[in-house]
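Novice: Take a look at the letters that make up each chain.
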Amino acid sequence: MQDDMYFSEIDAIREVREFENAKTLARLNKNQIDVADPDESEKLSSNEDYYDYSYTSRLRRFNKNDNTWSYYDPYYTNYYWYNNSNTSYFGNSLYTTYTWWGPNFSNNYNSRYWNDNKYNISIGKMPYNRYVFNGWNTDKGYTNRYYNSFDNNCYSRYNRFNHQFSALMQKNGITRNVFQRPEINYTAIRESKVTTPTIADTSLTIDITHMQSSNSNRDTDNNSSNKSLTSNKTTTNTTNSNNSTTTKRWDNHNGDLNISPNSGKSADNTSRTSRSGVYSEGSRNNNYVYKGSAIQNKGSNNNGGTQNKGKDPK
Amino acid sequence: MNAQQPRYSFSKIIALLAMFILFMPVSFSQQYAFDALKYSFPYQVGTARYAGMGGALGALGTDVSCIANNPAGLGMIRNTEFSVSPALFFNFTESDYNGVKYNEDKFVFNFGNLAAVYSRRLNKEKTTGIQFLNFALSYQRTNNFNINVFFTGVDSSFSMAQKFTDVAQGFTPNVLTADFEQLALNTFLIDTVGNNTTYQNMGLQNTDIKGFSRQNLNGGSTGDILLSSAMNYGNKLFAGASFGISMLNYVRVNNYTETDVNNLHPQFQTLNFKQAVDVSAIGVNVRLGVIYKPLDWFRVGFAFHTPTWYSISEDSYAELTTSFSTGQYNSKSPTRLFDYNLTTPWRIQGSLGFIAIKKLAIGIEYEFADYTNMNLRPSSNLFLAENNYIDTAFTSQHIIRLGTELKLDPFKIRAGYNFQSDPFKKTPLLTNAFHNISLGGGFKIVIGKNKKHERYLVFDLTYLMTLTSGQLKANEYAAIPRYANLKTGMHNFIGTIGFQF
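Protein chains in written order, with the numbering used here: chain A, -9 to 304; chain C, 564 to 1064.
Among the hints, a few may not be true.
[As the list claims (entries may be wrong)] Taking lysine to aspartate or glutamate pairs in the DMTMM-like style, the calculated list, with each CA pair at most 25 Å apart, reads:
{"no.": "1", "chain 1": "C", "residue 1": "Lys921", "chain 2": "C", "residue 2": "Glu1017"}
{"no.": "2", "chain 1": "C", "residue 1": "Lys970", "chain 2": "A", "residue 2": "Glu10"}
{"no.": "3", "chain 1": "C", "residue 1": "Lys669", "chain 2": "C", "residue 2": "Asp902"}
{"no.": "4", "chain 1": "C", "residue 1": "Lys687", "chain 2": "A", "residue 2": "Glu8"}
{"no.": "5", "chain 1": "C", "residue 1": "Lys1036", "chain 2": "C", "residue 2": "Asp771"}
{"no.": "6", "chain 1": "A", "residue 1": "Lys13", "chain 2": "C", "residue 2": "Glu1017"}
[To be verified] Here's a subset of chain A near chain C, in silico, CB distances under 10 Å, partners left out:
{"no.": "7", "residue": "Ala2"}
{"no.": "8", "residue": "Ile3"}
{"no.": "9", "residue": "Glu5"}
{"no.": "10", "residue": "Leu15"}
{"no.": "11", "residue": "Tyr40"}
Rather than coming from a laboratory, the hints here were simulated on the basis of the structure.
Note that beta-carbon positions come from the ideal geometry of N, C-alpha and C, so glycine has one too.
Okay, chain A solo, but in the shape it has when bound (with noise of 0.2 Å):
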């Protein structure tokens, strides 16, 4: 029992290191409840060293054991992956709600990909803005925004219009008229280690505006435009053989979105897609592909592998 006149240097010391192991459990503990609660994530922005699910995407880059994706892979980055709970979180990173950026971002990614202004909104304190976002290295247009060049979720920096991933999928014939997200297996594509096909006429353009939010017809529905795709271009699908949808423990979506990014090269191995901001999809009906943009082979924009993993863009 403690007693002030017995007091020690002893005591003094463990005190001091009591105090310390008390701020590293609160801080632990902080950390723990994004994970649980988004809505609490939020509350707890007040901390400038906090963005949205810091540690849950700590836990992801932990637990990933071969080396696909560099460290800005939106795989790690992009926000859907940790909260699926409104598409227009699609393409956003999670750098872009730390709180010292004052007014968070708001999905201008999906305004100007999907084309509708409903899907704007602003995760954090601001609320919506279609053009005002945070960021660093803003370019010459007039707004702020977040740029970050290992990071495809973001926009591009010398055209605030051009998201990189939208700018990807662009390349790779996906307008922007789209209303829906498509629906891309990734686990599948991942596991079947099948390399990522190329495109080679990236003036491909692909209309899935027919393309409905009912099931029942989504089989359909994509059967015809793979068909169509197979039809038109000369290309080279990779056909996943294997249509498992198994969820791994980072796919925390519903069925239908079990998504990742792919992670295998080309099959030629000439055309050496980026493992960042890629989205090769398998052969299935309702996937995708596309290839990787220039942009990847451009050294600034080089983000190959893992040896270039960046820093948190504190």
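We have chain A; now place chain C onto it with these hints.
Specialist: Coordinates of chain C only, in the frame set by chain A:
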């Protein structure tokens, strides 16, 4: 008032000498000098822990009563706490005049200490730098004047009636002292004869055999309200300061009675002369202290107390009642108001503290005060004689305190001893010393826990015994004084209840 055998034997008591509270002046003009000594003399009880360890906490600190001795001890407290220390005070005095003994006792309930401490931790992340900054508001009782004395006897060398007569001779009735011989004239104890400046004694003569009795009643105390602050620097250096507001109240009543036991006088029967004084004062002082703890088991402390600057207000009156065969007469003087100032001596303290195996604490303390530094003001003419007497009769005082505590969680056992030398000059060091012996214990239990640390309930109990002896004059106006021998035992039971958050 009972004439009986003493309640306890003093055969085993060592060094029982002068009682400071019964310092009696050689002359009336010295009364204020002795009062000054009475008001300056420390008799601190404090908390049960403080009293139990003999007050030797100057270096050990951590008790709220330390604030009154070494304020740096406040810096060693690591919890916000509140404590109250009620005390029961029993005083037993035995008087012996020519073999006739009387016992008087007095019982008083008071508070030795009340304190509230706010402890603010400034640094949790490292052991260097300022760790704590503490503040306290406390009340500490610093002296106790409660004692009663009574004795009787037969005397044929002095008569109060004759004294009144001698003092009045040569003065007209209108210039007689209102609270002395004027009362005798008013009650027919003296009367003019021939002219209005010659008086005759209407009572007993000095050589007449008479019975007399002396009753001395004393009450009151001094206490300090202390505003204190202290800091803890790196758990090594502690420094603190206290600003004190001293409050004093003292009441004294003397009753002297003369009785014609042999019916020698045809008319005079008895007289009773009463003198009452009611004193109240307020003063200020400052205490500074520092404690250095170079090692976990050793610490050294130093404290300085400034003088207390008192502003004293005194109300006094006298009353004489005479009884003759023709009737009873009474006269009371107007209340005399008298204000003056007193400066008590400054004090310095040095102390050592030892901790063994985190279970045994030993404290040693030495305090020095020079009573020739006392000063009554205004010093010109009015108190010239008193101040000269202070310079010639008094000297420095040495106080030694020893205390120890054994910690056997959750219990503690304490013992202490306190020695105070006599402040009178030409007295050997161990003569007329003042001795306090204490024994106590307590326990501390956990009653809860908040976010930071545990909450404690502290309960302590201490028995403090003070033994003194001395003499009291049968009458201070007698040319050849006669004395009664006094033996006094003061017994304090102090309890402390404290909460630490």
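Novice: Compare the structure with each hint and give your call.
Specialist: Evaluated hints:
1. Distance restraint check for Lys921(C) and Glu1017(C): the Cα-Cα separation of roughly 19 Å lies within the 25 Å cut-off, and the hinted pair is therefore satisfied.
2. A distance of roughly 30 Å separates the Cα atoms of Lys970(C) and Glu10(A); the hinted pair therefore is violated under the 25 Å criterion.
3. The straight-line distance between the Cα atoms of Lys669(C) and Asp902(C) is roughly 29 Å, outside the 25 Å bound, and the hint therefore fails.
4. Between the alpha carbons of Lys687(C) and Glu8(A) the distance comes to roughly 9 Å, so the proposed pair stays at or under 25 Å and holds.
5. Taken as a hint, the Lys1036(C) and Asp771(C) pair is honoured in the structure, with Cα atoms around 19 Å apart against an allowance of 25 Å.
6. Restraint check: the Cα-Cα separation between Lys13(A) and Glu1017(C) comes to about 18 Å, which is no more than 25 Å; the hinted pair holds.
7. For the restraint placing Ala2(A) at the interface with chain C, the shortest Cβ-Cβ distance is roughly 5 Å, inside the 10 Å limit, so the hint holds.
8. The restraint placing Ile3(A) at the interface with chain C holds, with a minimum CB-CB distance near 6 Å, inside the 10 Å limit.
9. Given hint, Glu5(A) at the interface with chain C, holds; its Cβ is 7 Å from that chain's nearest Cβ, closer than 10 Å.
10. The beta carbon of Leu15(A) is not positioned within 10 Å of any beta carbon in chain C (closest approach about 13 Å), and the interface hint is therefore violated.
11. Checking Tyr40(A) against chain C: minimum C-beta separation of about 21 Å lies over 10 Å; hint violated.
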